[in-house]
Every structure is written in C-alpha cells, then in structure tokens.
Amino acid sequence: MSKKQRKTVAVCAVLALSLGIMPVANAMHIMEGYLPAGFCVVWGVLCVPFLVAGFFSIRNKLSENRRALTILAMSGAFIFVISSLKIPSVTGSCSHMTGTGLGAILFSPSAVSILGIIVLIFQAILLAHGGLTTLGANTFSMAIAGPFLAFAVYQICQKLKVNRKVSIFLAAALGDIFTYCVTSVQLAMAYPSESGGVAASIVKFLGVFAPTQLPLAVIEGLLTVIIVIGLETYAMPELKSIGFIKEQEVR
Amino acid sequence: MNTQKKSHNTVTVIVLLILVALIAIVPLFVKKGAEFGGSDDAGSVMVEEVSGEAYTPWFTPVLETMLGGELPGEVESLIFCLQTGIGVGIIAFFMGRLVERKKQETLRNDNH
Chain A
1 MSKKQRKTVA
11 VCAVLALSLG
21 IMPVANAMHI
31 MEGYLPAGFC
41 VVWGVLCVPF
51 LVAGFFSIRN
61 KLSENRRALT
71 ILAMSGAFIF
81 VISSLKIPSV
91 TGSCSHMTGT
101 GLGAILFSPS
111 AVSILGIIVL
121 IFQAILLAHG
131 GLTTLGANTF
141 SMAIAGPFLA
151 FAVYQICQKL
161 KVNRKVSIFL
171 AAALGDIFTY
181 CVTSVQLAMA
191 YPSESGGVAA
201 SIVKFLGVFA
211 PTQLPLAVIE
221 GLLTVIIVIG
231 LETYAMPELK
241 SIGFIKEQEV
251 R
Chain B
1001 MNTQKKSHNT
1011 VTVIVLLILV
1021 ALIAIVPLFV
1031 KKGAEFGGSD
1041 DAGSVMVEEV
1051 SGEAYTPWFT
1061 PVLETMLGGE
1071 LPGEVESLIF
1081 CLQTGIGVGI
1091 IAFFMGRLVE
1101 RKKQETLRND
1111 NH
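Chains as they are written, first to last, in the numbering used here: chain A, 1 to 251; chain B, 1001 to 1112.
Calculated directly from the structure, the hints in this document are not laboratory data. Please note that a few of the clues may not be correct.
Going by beta-carbon spacing under 10 Å, a handful of chain B positions derived as facing chain A [said to hold, decoys possible]: (1) K1031; (2) P1057; (3) E1064; (4) E1070; (5) E1076; (6) I1090; (7) F1093; (8) N1109; (9) H1112.
Just so you have them, the derived chain B footprint on chain A, three or more residues with Cβ under 8 Å [said to hold, decoys possible]: (10) 46-54; (11) 61-68; (12) 121-132.
Computed from a predicted structure; not experimentally measured. Each residue gets a CB set at the ideal place from its N, CA and C atoms; glycine is no exception.
Start from the sequences, fold in the hints, and give me the full structure.
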C-alpha cells in the first residue's frame, strides 16, 4: 500500500470506530454543587501549584520576547472558541471540546492552565455551565490533565520522528479524551458505585463519557492541525521565537 | 517550490475542514429523533443512577440564585455566541495582521 492509501485506511478506521459505539450520554464539565465540598477543596488545592507555575511560565515567555503574546492570545482565543461550540455526537447528545492542546504544544502545559481557568470562570459565572464550587475539579481535568497529556504525547511523537501534523493531531485529540477520562475519575471518586466501589464507578462514567467525546476529540485534533498550518504559513517568526520550530528545520 | 507547498497546504486545510463538518453533521442524520440534549440534566441523571438515590446539589450557580431560576435558553445561546465571538475576534484580528505582514514582506522582497 502506498502512504496515501494507508492514510485513507487509517482515517476510515477512526471514523468507523467513532461511529460504531453509541450509548447515550452527555460529556460536560462537572455541574455546580455536584461534588462534595471536601473534593472541591482538594481538587482546588491541587490546581494551585500548576496555576502558579503557569503564571511564571507565561511571564517568563513574555519577558523573553513580546512576540509570544500574539501566539498566546491566539491559543487562548482558540480555547474560547472551541469550548463554546457544542457539537452533536454519534451518541445522540451534545458535548464540546476543550481546545487546550494547541496552547500546551506551542507554549507549556502549565501556561494553558491559566488560559483554561479563564474560560471555566467565564462559563461558570455567566452560563451556569460547570460551576464555581467544581471549578477546581474542572480546572484540573480540562486545564491541567488534558494539556499535560497533550504536551507529553507531542514530545514523544517528536522523539519518534513522527510527522509534525500527525503528532499535533494525536496530541490534541488524546488530550481532549484524557480530559474527560479525568472527569470520569473525579466523578467516580465522589460517587463510588455500591457494588464495585470506585473502579466500577469509573468504568460506568467512562462508558458514557468516552463514546460521546471520541468523535469530538477527532474534530479537535483536526482543527488544531488546521490552525497550526495557518500559523506555520503566516507566523513563522513567532513560532521560531517561542521555540516551537527550530531554526534548522525551516526549509 | 514555495507556491507548490502553499497549495498543498490549502488542499490539506480544505480536506480537514470537510472532515470536521462531516463528523459534526453526520450524527444528526444517523441518530434521527435523538434529543441532542443540553448539559446539566443528563449529567445529574447519571450521578443519580450510579449513587442510587436522588441527589440535591448543595450549591446553586450564582447566576441562577440571582435570577431566581435557570438562565433562559435563548439568553444562554447568546452568551455562548458571545464567547465564540470574543475568541473568533481575537484570532481573526491577529491572523489578519499576520497575513498582511507576510504580504508586505513578499512585496518588499520582490522589489529588491
């Protein structure tokens, strides 16, 4: 098989996989008042070091060069746009994406925690979507766990010399999925199932979260690749200045 | 060479966009009559199913307390649009600047 044909088969496989599974569920942030107070505090406290690291990471990057601001603003705006779009999924319900992969790859995963929490606060206050009490838990899943996984995936792919577009796709899509895996774990820890405890509960929540999110994760991966293509075409100096693209790589 | 690469990128972007649209729209046709429901209700149903009892949230969203009820659906979509709008605005603004800069650069290079 030629390279192109293999790609086609891979795309078909992903589509078939995502269309094949369909229990009904909604994958969203954890609702206001739905985590016991203790959990809210613990998740909130867990987020603090990441947010502080993110704050410094952003400040250092910006003091190094002001150009990075353009890319930072665009990564933040990307999260804003992507997480506001509720998209119908094959399970018969809607969910939205996280959009955090882009910033994590371009900057640092900790920088994204700051961008992510801004979006979460916006939605919690104005939209009653997510919530202030569950802000800690939602920040941890969407603005910390997801971006860190995306970053790790991208780094590994680069080490393995995977094509850059493919690495970006994998990083963004897996980061998106991972966000909802963490959400499932968070819910499961607060609501262990009576028969099987936390583990059984995780399986239950995952079973309903993951299938809805899978196609959306694919979309997020594709959109992230598109925006990076755009940036590579028009913002090469910025990408080089933040170290995303090395000097010698430029053809 | 450069223009060739550019058109190659354009093709990739178009193909990807079509894929995105397909993945987003196909479910509407595959699952005809499904509700494509909102967020909060289905989530709470699931928590009740797992914990085996009705759950009363111990905290109501600040906005709902102030309004004395849920945010009307139309207004909710307004705010979601606002969120999208802010994001798209920022991206479009910077993208516009970058595209124009690139154009100027090519012009200058051609002249010299």
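**Message:** Name the hints, by number, that the structure is in violation of.
**Reply:** 8, 9, 10 and 11
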